[in-house]
Every structure is written in C-alpha cells, then in structure tokens.
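K.L.:
This is what each chain is made of:
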Amino acid sequence: MAKEQSTEQIDPSMPDWSAYRGVLIVVEQREGIAKKVSWQLLGEGKKLAAKLEAPLMALVLGENVAHLAEEAVHYGADRVYLCEAPELRDYRTRPYSRVCLKLIEDAKPEIVLFGATATGRDLAGAIATHLPTGLTADTTQLDVEPHPSRLLLASRPAFSEKMMATILCKQYRPQMATARAGVFQALPKDAARQGEIVRIEATMREEEIDAQVLEFLRETGKLNLEECEIIVAGGRGLGGPDAFGLLAELADALGGVVGASRAAVDAGWISHEHQVGQTGATVRPKLYFAIGISGAVQHTVGMSNADVVVAINRDENAPIFQFAHYGLVGDLFKIVPAITAEFKKRRTLFGIQPPSDKDSLSAAPTESESTATRERSEAK
Amino acid sequence: MLHIVVCIKQVPDSREIRIDPKNNTLIRQGVPSIVNFYDMHGLEEALRIKDEQGARITVVTMGPPPAEKGLKECISLGADDAVLVTDRGFAGADTLATSYVVARTIRKIAETWGHVDIVFCGKQTLDGDTGQVGPGVACRLDLEQLTYVNKVEKVDEENRKVRVHRLLEDGIEVVETSMPVLITALKELNKVRRASLPGMIRAARYKPTVWTTADFPDLERAKIGLKGSPTIVAKTWVPEVKAVKTKMITYDSPEAAAAQLADQLLTKDMQTLLDWA
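Taken in sequence, the protein lines are chains H and Y. Numbered continuously in our numbering, the first sequence closes out at residue 809. Numbered continuously in our numbering, the second sequence closes out at residue 289.
It cannot be assumed that every hint is accurate.
Claimed, not checked - Label-pair restraints from in silico Cβ distances:
1) H:Arg628 / Y:Lys34: 52 to 62 Å
2) H:Pro577 / Y:Trp249: 24 to 34 Å
3) Y:Lys34 / H:Gly668: 27 to 37 Å
4) Y:Glu232 / H:Trp446: 17 to 27 Å
5) H:Trp446 / Y:Arg214: 47 to 57 Å
6) Y:Ala268 / H:Gln751: 23 to 33 Å
No lab work stands behind these hints, which were simulated from the structure alone. The beta carbon of each residue, even a glycine, is placed where N, CA and C say it ideally should be.
Put together the whole structure using the sequences plus the hints.
P.N.:
As structure tokens, then:
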C-alpha cells in the first residue's frame with residue numbers, strides 16, 4: 430500500500446508556476462469574531478512561508494471586520510487583504526467565493542488554506558472546482574518541500590483515522606487544503622507587529638445574490654470542545670451513563686467540560702457533541718483527563734495534542750497510558766470522587782469560590798438512542 | 013412536478029477496515045460495501061418531499077458495475093429511476109474529476125427526464141471523507157449550494173424557493189435560496205425508512221440505466237479519472253504513537269492518589285489555568 434513517489438525532481442514538462450508565491454490563509458469569522466482555527470493556520474502558515482522564503486498573507490472578509498485585519502498581522506500575517514461590504518455580512522457561498530477567486534487571481538498565492546469548518550469546506554470546495562485546482566480536505570499535518578519543487582505536503586487521516594496519507598497537487602496552482610481546528614498552534618499575539626493591509630473591493634451586488642440568511646440560531650449551551658482548556662473525558666470503562674455524573678463533578682471542580690470516547694457515545698451514554706477523536710472533535714486543551722478510556726487510535730488522534738494528560742484506568746496495560754503524563758491504575762469510581770474532593774479542598778485553600786457558570790457542561794445523557802448508534806445500525 | 017436527483021456512492025464500510033500489524037497495510041477482505049449513509053439521508057429527504065408534494069426521483073452513482081446494488085436499494089425505497097455511470101476511464105478520480113462526471117451526468121439526466129430542481133448529496137462519503145464533491149457539482153452546474161443541512165423546512169415549488177437549516181459549529185443558520193439547488197445532507201436530517209415488500213419486488217426486477225464514456229461524446233478526457241485528478245496520494249503510513257513520559261502514581265488510598273495528583277498538577281502552570289490565583 431505504501432507506494433511512494435519521489436517529489437524531489439521537478440518535471441520539465443510541468444507548467445511554469447513561478448508567478449505563484451506565498452501562503453494565503455482565509456480567515457473565518459462570525460459577527461467580527463475570528464474562529465480560532467484561523468489564527469492556528471496563520472501559525473502553521475508562517476512555518477510554511479518561511480521554508481518557501483515567501484510572504485504569509487491573510488484574507489479577511491465580512492462587514493465591519495477591519496479589526497480582524499490588524500489582528501491577523503498580530504498573529505503573523507505579513508500582508509492582509511481586507512474586503513468589507515454589507516453583502517459579506519453573512520457567509521454565502523457565491524459572494525465569498527467570488528472575492529476569493531478574484532484575489533487568488535490577482536495575488537497568486539502558491540498555497541491557500543482554510544479551516545476545515547462547515548464554512549471553510551463549503552467555500553474551499555466551490556473555489557477549487559472553479560479554479561480548477563486540487564484540494565485536500567481535513568489535513569492534520571502540513572509541510573512544504575523547499576525551492577525548487579515548492580510542493581505542499583498535505584497529510585490527513587484516512588480510513589477512519591487508521592492511516593495517514595500525504596497528498597500532493599503537482600500540476601495546478603494554488604495548492605489548497607482545509608485544516609482541522611485544534612491541530613496547529615497559533616503564534617503568541619504580538620500587538621506591536623507591523624504588516625501591510627490592502628483593501629480590496631467586493632465583486633458582487635446584493636441583487637446578484639440569491640441565497641438569504643434569514644436567521645442564525647446561536648446554540649449558547651453548545652459545547653465547543655475544540656476551544657476548551659480543560660476536558661474530563663470518559664469511555665467504555667465507565668460502564669454506563671451514571672458515571673458521567675462523577676466526571677461532570679470533577680469537570681465542575683476544575684472549571685472544565687465533559688468529553689467522551691466514541692465507545693461511550695455509541696453506547697448511548699452521552700450525546701455526540703461530547704465526542705473527542707474520530708468523527709468527533711480534535712481538541713487541544715491544557716489539561717485532559719482520560720477516564721476509563723482504553724486509548725484506541727480513533728480516540729488518541731483527537732486528544733494527543735493536549736498539554737497534560739491524566740489517564741485513569743483499571744487495566745495497567747491500556748494503551749492510553751502511552752499518551753498520559755500521569756497515570757493512575759485503579760477503580761475510577763473511587764479515584765474520581767477523591768480527585769474532585771481534593772481539588773475542591775485546594776480551591777478553598779486558595780480562597781476561591783467554585784466557578785458559578787454551570788452552563789459550561791451538562792453531562793447527563795439526554796438521548797436514549799445516541800446518534801452514533803443510529804448511524805451504525807443504518808449503515809448496516 | 014419536482015424532479016429530484018440523489019447522488020449516492022457505494023463505499024467500503026471504512027469503520028470495518030483494520031490494519032495488518034505485520035506490514036502496516038489495510039485488510040480489506042470481508043469488508044462490507046454499503047451505500048454511504050449520508051447519501052441515504054439525502055434519498056430519504058427526497059422521498060419525504062415526494063410523499064408530501066409529489067416528485068420524481070432519479071438516483072445516480074458513479075462506480076464499478078457492482079454499485080448497481082446500491083441503486084437497487086434506492087429503488088426499493090421508492091426512487092423512480094436510477095443511473096449507473098461506469099467506465100474504466102473514470103477510475104482513480106479525485107473529487108475534482110468526480111464532480112466533473114457527476115455534473116455532466118446530472119445534465120444528461122435533465123435532458124433525458126426533464127429539468128432538475130433539487131440535487132441531494134451526502135455531507136461527505138465514508139471512504140473519501142472530503143465533503144468536496146457536493147460543492148464541486150454545484151459549482152460546475154452553477155447551482156446554489158446548501159451544505160450541512162439538518163432540516164429542509166420548505167420546498168416551495170410555485171415560487172421556486174427552498175428554505176433549510178444548516179448545522180454549523182456554533183449554531184443553526186436558516187437560509188433560503190431559489191431552485192435549482194444542491195443540498196448536502198447530514199444524518200440529523202431525518203430517519204431513513206425501510207423498504208416495503210412491493211418496493212423490493214420492483215427493485216429486484218429493475219434494471220438501472222447504464223452510461224459509459226460513449227454516452228458522453230463531449231466529455232473531455234483530460235478531465236476524467238486519474239488524468240483529471242490534480243491530487244495524488246504520494247504516501248500512506250500508520251501514525252506512530254507519540255512518546256510521552258508517563259509518571260505512574262502509586263498510592264495506598266484514593267485520597268492519597270488524589271493528593272499526589274493535585275500536587276503534581278498544581279506545581280505546573282495549572283494554577284493560572286485554573287484561575288485560582
């Protein structure tokens with residue numbers, strides 16, 4: 430299977446792409462607030478651009494988003510293209526792709542990256558077809574070959590995360606990819622950093638746009654695991670939905686949220702929005718508790734970027750310990766409440782009240798039949 | 013009457029694929045083929061629209077001849093017609109080349125059976141996992157695209173409007189646009205029905221329309237199959253476990269374990285993280 434093709438030599442029959450230089454990040458925002466993945470991509474894009482000795486560019490588009498152009502500079506962009514127009518207030522495929530296509534034509538970046546969000550994938554899919562060029566979805570590793578090949582090595586999980594595949598686009602420019610949130614690291618924000626901001630015009634009038642966003646129903650209670658700093662996750666070892674109550678208490682004491690492995694979600698113990706790993710969230714928290722989670726690759730691909738991992742498992746040979754900085758072998762029903770109590774005690778010693786916002790989590794499973802279970806039975 | 017095209021793909025159930033630990037290759041043997049389940053939710057939505065206001069449903073797949081099985085499954089559920097687009101020349105297509113052929117096929121379907129109003133695709137496939145073919149087809153046919161749809165609120169045939177809910181990371185977006193439109197389906201869209209006995213009988217007798225490259229005289233050869241695919245897989249590998257230095261905490265009582273862990277964590281930067289200081 431592991432057939433390898435040399436990417437070292439440059440084919441003389443290859444089209445001349447020397448006019449295409451630099452890395453472009455398309456910044457995603459809603460109501461003037463950027464998605465974290467955009468700054469993470471700038472962090473990664475900086476490395477690629479340095480290796481290519483080319484500029485790092487960003488495209489900010491929307492309505493009243495000039496502050497994001499400044500922010501993009503603070504996060505590493507050398508040049509930011511800013512497109513502000515009332516037509517761009519809500520994301521809609523046509524006006525957004527029109528601006529992107531025009532900019533790609535004018536600025537000629539050799540690499541264009543988008544967040545692998547619903548919006549990023551919607552937009553990238555349309556643009557890549559239009560150009561046309563190759564688009565690699567959902568990448569988790571990016572690298573470039575230096576001059577002269579300047580190829581983007583876009584790697585992504587394949588076959589349900591069981592393998593990784595590196596995908597190249599040799600014959601077309603720009604090389605495009607969407608990249609998962611939480612995988613790459615943003616640079617520290619440097620407010621003193623200077624960069625060029627270039628205003629560009631929107632290219633579509635409202636009369637030409639058919640799609641209308643009538644309403645946006647923000648899900649305030651919605652768990653956004655990708656943005657959480659502390660996650661207390663449980664798996665099959667919990668034995669049932671009730672133990673998630675214990676995890677919720679620990680999460681509460683720490684000011685974190687509850688996560689879960691696919692096994693727990695499939696069993697219907699907790700809803701899919703808590704799932705970390707394959708078909709769930711890729712997370713990058715400061716602290717991750719893996720409780721009763723054996724550590725299958727489908728889970729670990731989603732959590733191995735955590736700064737500190739604490740694993741609690743009855744089985745001392747569980748693979749999760751290979752990912753853990755701290756391991757405890759034993760009965761989670763005894764250990765977890767003890768940890769909760771200990772952290773509450775320490776908190777009192779610091780003279781701090783427990784966090785008051787309880788809406789950050791609700792671990793109690795609400796559905797008797799999980800979506801993932803449904804998925805499975807239907808697939809068969 | 014509305015004409016709805018549903019794009020489906022017969023895929024190996026990638027969740028059943030395992031890695032041979034000896035040589036790091038995929039074990040495909042005995043892996044069942046299924047219709048990509050997101051596509052089935054697209055079909056179900058088309059069937060609902062048919063139930064409620066009447067519609068003609070044509071199902072299409074590009075793939076090798078055994079993909080006919082998936083088309084018959086759709087017929088058994090209530091689709092009216094099915095088209096299999098099959099040719100060795102299509103092999104090795106990435107999303108760009110696939111969207112080219114699928115878009116041409118939909119155009120031909122419109123020429124054969126009448127104007128197409130709605131195209132349903134799954135949000136993504138289980139094997140390719142990219143979610144790019146839907147937007148690609150919409151772009152090539154110059155259709156409005158509504159991706160990640162978890163509810164079709166209204167299909168207004170008279171005013172040629174469609175209103176849907178799109179499930180995004182931070183909430184639900186209600187969007188209205190005009191037909192023709194391409195919609196990509198999430199599993200939250202509906203619950204897929206079971207085939208009826210008459211449906212199964214019809215499917216058993218049904219012969220899908222088969223089109224090959226010969227049926228598309230103006231198809232550009234440079235845009236199909238491997239040749240028409242800008243992306244190439246250069247390398248595959250099984251990711252290695254990231255080595256982490258693990259400190260196992262040994263203890264006499266759970267309380268002692270908890271105290272040790274707290275000591276360890278709180279000496280790190282965790283204190284500021286926990287906002288306690």
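K.L.:
Decide, hint by hint, whether the structure agrees.
P.N.:
How the hints compare with the structure:
1. H:Arg628 / Y:Lys34: 52 to 62 Å: 59 Å, holds
2. H:Pro577 / Y:Trp249: 24 to 34 Å: 26 Å, holds
3. Y:Lys34 / H:Gly668: 27 to 37 Å: Since the Cβ atoms of Lys34 (chain Y) and Gly668 (chain H) sit about 34 Å apart, the hinted range of 27 to 37 Å holds.
4. Y:Glu232 / H:Trp446: 17 to 27 Å: The hinted range 17 to 27 Å holds for Glu232 (chain Y) and Trp446 (chain H), with Cβ atoms some 22 Å apart.
5. H:Trp446 / Y:Arg214: 47 to 57 Å: 53 Å, holds
6. Y:Ala268 / H:Gln751: 23 to 33 Å: 25 Å, holds
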